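Taking the numbering used here, the leading residue of the sequence shown gets 1, the next gets one more, and so forth.
Where hints are given, some of them may not hold.
[What the hints assert, rightly or not] Listed next, with one range per pair, are the computed distances between beta-carbon atoms: (1) I193 - G67: 41 to 49 angstroms; (2) C104 - R69: 39 to 47 angstroms; (3) W189 - T74: 35 to 43 angstroms; (4) N107 - N62: 16 to 24 angstroms.
Hints in this document: simulated from the structure, not taken from any laboratory.
Only a predicted model underlies this, so the values are computations on that prediction, with no experimental measurement involved.
The C-beta atom is built at its ideal place from N, Cα and C for all residues, glycine as well.
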Amino acid sequence: MIIGLKILTGKPETTIQFSVLRIDHFSFAPAGTPTLWNNLVPLKVRIHTWRARLDRLPTKVNLINKGFRLDNDTCPLCNNHSESGDHLFIICRVASEVRKQLNCWWNKIPMHSNTISEFFEDTCCTNQPDLNRPLKEIIGQAYFWIMWKGRNDAIFNKSFNPQGTANLIQTTIFSWLKSRCYRRVSANWTDWICNPSSVFVV
1 MIIGLKILTG KPETTIQFSV LRIDHFSFAP AGTPTLWNNL VPLKVRIHTW
51 RARLDRLPTK VNLINKGFRL DNDTCPLCNN HSESGDHLFI ICRVASEVRK
101 QLNCWWNKIP MHSNTISEFF EDTCCTNQPD LNRPLKEIIG QAYFWIMWKG
151 RNDAIFNKSF NPQGTANLIQ TTIFSWLKSR CYRRVSANWT DWICNPSSVF
201 VV
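Based on the provided sequences and hints, a complete structural model is requested.
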């Protein structure tokens, strides 16, 4: 897979092409953090996941560490703890409730991770044979994408609903699969809700 980047240097735009395999060897990518370039997931979501795993998202803790002045560093979901990436997506009781709702739907969602790295190790990076791994990758990335959008909604609109967020993750993934790999999705919405593993053909 080849990616084109436009570099703004004050001169006419220059496009550089390189393979995604080289991305994993950039100096700012920690060892053991492979890029999840799953083509069933939109590019912007893959990039978002990559940034989350590298702790490059503008959480309140990261913004303050970069010198931004904020009223507080409190998580907008639980309003009890500092908003780091690990807290927002993994440790926060509200985020845990979203994963609990997803786990009631499909019981392969990691529930005992303490960090983002552990979550993706449990979800995507196991060395054991796993026929569900492609679907687990997609659900994991959708979770991070929708949770971040929900976090922004909680900040600007003071609204966040764990059950509604879990439902949105389900519908978002289904729309990705139907539009991007219709040959690998063999069922309708009812089947998807009842048992996602049975409708996704590896």
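Results for each hint:
At about 46 angstroms, the CB distance of I193 to G67 agrees with the hint of 41 to 49 angstroms. Separated by about 41 angstroms at the C-beta atoms, C104 and R69 satisfy the suggested range of 39 to 47 angstroms. The given range of 35 to 43 angstroms is respected by W189 and T74, whose C-beta atoms sit roughly 37 angstroms from each other. For N107 and N62, the Cβ-Cβ distance of about 33 angstroms falls outside the hinted range of 16 to 24 angstroms, so the restraint is violated.
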